[in-house]
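In order, the protein sequences belong to chains A and B.
Residue numbering for the first sequence follows the numbering used here, starting at 1 and increasing by one per position.
Residue numbering for the second sequence follows the numbering used here, starting at 1001 and increasing by one per position.
One or more of the hints may lead you astray.
Unchecked claim - To spell it out: a stretch of chain B is covered by chain A in this simulated footprint if at least three of its residues, at any positions, have a beta carbon under 8 Å from a beta carbon of chain A; those stretches are:
hint, segment
1, 1020-1029
2, 1134-1140
3, 1156-1162
Said to hold, decoys possible - Below, a list of computed lysine-lysine pairs in the DSS-like style, where the Cα atoms sit at most 25 Å apart:
hint, chain 1, residue 1, chain 2, residue 2
4, B, Lys1013, A, Lys138
5, B, Lys1163, B, Lys1013
6, B, Lys1037, A, Lys149
7, B, Lys1149, A, Lys121
8, A, Lys138, B, Lys1121
9, A, Lys163, A, Lys121
10, A, Lys13, A, Lys163
11, A, Lys138, B, Lys1138
12, B, Lys1138, A, Lys13
13, A, Lys149, A, Lys138
14, B, Lys1149, B, Lys1138
Please keep in mind that the hints were generated in silico from the structure rather than gathered at the bench.
The beta-carbon is built from N, C-alpha and C at its ideal position, and this holds for glycine as well.
Protein chains: 2
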Amino acid sequence: MARKSSALTVFPKPDHDHQRCASDAIAHAEVICAARKERLTPMRRRVLEALLASHQPLGAYELIDRLSVRGARPAPITVYRALDFLRDQELVHRIESRNAFIACVHNHQSSDPVVFLICEKCGAVGEAASAAVADTIKNASRAVGFVPKTPVIEISGICAHCKAA
Amino acid sequence: MARKSSALTVFPKPDHDHQRCASDAIAHAEVICAARKERLTPMRRRVLEALLASHQPLGAYELIDRLSVRGARPAPITVYRALDFLRDQELVHRIESRNAFIACVHNHQSSDPVVFLICEKCGAVGEAASAAVADTIKNASRAVGFVPKTPVIEISGICAHCKAA
DNA sequence: CCTATTTTTGTTGCACCGCAACATATATGT
DNA sequence: ACATATATGTTGCGGTGCAACAAAAATAGG
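Work out the full structure, taking the sequences as your base and the hints as a guide.
Now the structure itself:
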């Protein structure tokens, strides 16, 4: 994949090619699902697309709003089920600190934890695949006999963009 | 302080002196509040005591149950306000991944982040003051111009106790 | 000491988050 | 085409968290 990029993925640039970034991610999702014999149904795809269209985490009910067209509102449970599926496939992550969900733009090669950098100002979320962070956590855990399993680490703060402004 | 201990605090031993551990923490809270000219009111103290009595994170409503005596139930908002106060003083942390709260048994000298190791089996929470983890996160963040502010990092997994069993 | 002001607690009410249980529809395998 | 598995729709509800206003308690100032 072309977008695999360096060790540390950065915040999505305000000017990046959204259209392409989203369609690439959808393509990736299709590959993943096909390989696992899972079904990326229309509903699931719509949820993923909605998340991809926003580089911010979306709450389940906000997601419902965005999926609504002409009075046709998917029920909460419907969206939650799609989210459950997408999370199982590691195509979407839940941001615990915000009760919200975000599409994963990172290639989950291994089961390494992902570090999310969440901007308190603008709400943007940067995804950082940091082996270093994962390692120190593993070491610190092992020191007390703890076996870590967390897939997601959330760090809130201020992004470069907002700090400048 | 005698209990300041090594770099890595461990899980509370099943046989440790709860009574003393709690009263020490209360004493510490009083010192902190006095120094800051904040008021550790009866309500706030009761909430802190309830959390200290459990070495597991408690949900707000479970906390209410435990604070209830003879039909006198504090309203949710009352407990949430006490929790807000205690969190401001960094005497209590919120465990996002569980919608729950836990008393801090760690001396927040600096504003270093605290790492919680949460056992998926028994629910116990170990508090680890790991400078190494804090540093790698700072470094990884700085690499993308992000200024981290998270006070808490949550790692779920299996504790040594449960792994053995 | 008494009053004015600030701080804390109580009351009422509600919005949001997340899912269980069951019914229906759609896809898949044979 | 049929039986089976999988996915979606319907109904309904419980947990979480707080806003807005009212009352009570503590603190400061004269």
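Consistency of the hints with the structure:
1. 1020-1029: violated (count 0)
2. 1134-1140: With 5 residues in contact (Cβ-Cβ under 8 Å with chain A), the coverage given for the segment 1134-1140 of chain B holds.
3. 1156-1162: With 5 residues closer than 8 Å to chain A, the segment 1156-1162 of chain B meets the three-residue bar; holds.
4. Lys1013/B / Lys138/A: 21 Å, holds
5. Lys1163/B / Lys1013/B: Between Lys1163/B and Lys1013/B the Cα gap is close to 15 Å, so the pair holds against 25 Å.
6. Lys1037/B / Lys149/A: Cα-Cα ~41 Å, so violated.
7. Lys1149/B / Lys121/A: Cα-Cα ~12 Å, so holds.
8. Lys138/A / Lys1121/B: With a Cα-Cα distance of about 19 Å, the restraint between Lys138/A and Lys1121/B holds, given a limit of 25 Å.
9. Lys163/A / Lys121/A: Holds, because 9 Å separates the two Cα atoms, which is no more than 25 Å.
10. Lys13/A / Lys163/A: Distance ~15 Å between Lys13/A and Lys163/A Cα, so the pair holds.
11. Lys138/A / Lys1138/B: 17 Å, holds
12. Lys1138/B / Lys13/A: Holds. Lys1138/B to Lys13/A sits at ~21 Å (cutoff 25 Å).
13. Lys149/A / Lys138/A: 9 Å, holds
14. Lys1149/B / Lys1138/B: Within the cut-off at roughly 9 Å; holds.
Figure legend: structure checked against the earlier numbered hints; hints not met, in rising order: 1 and 6.
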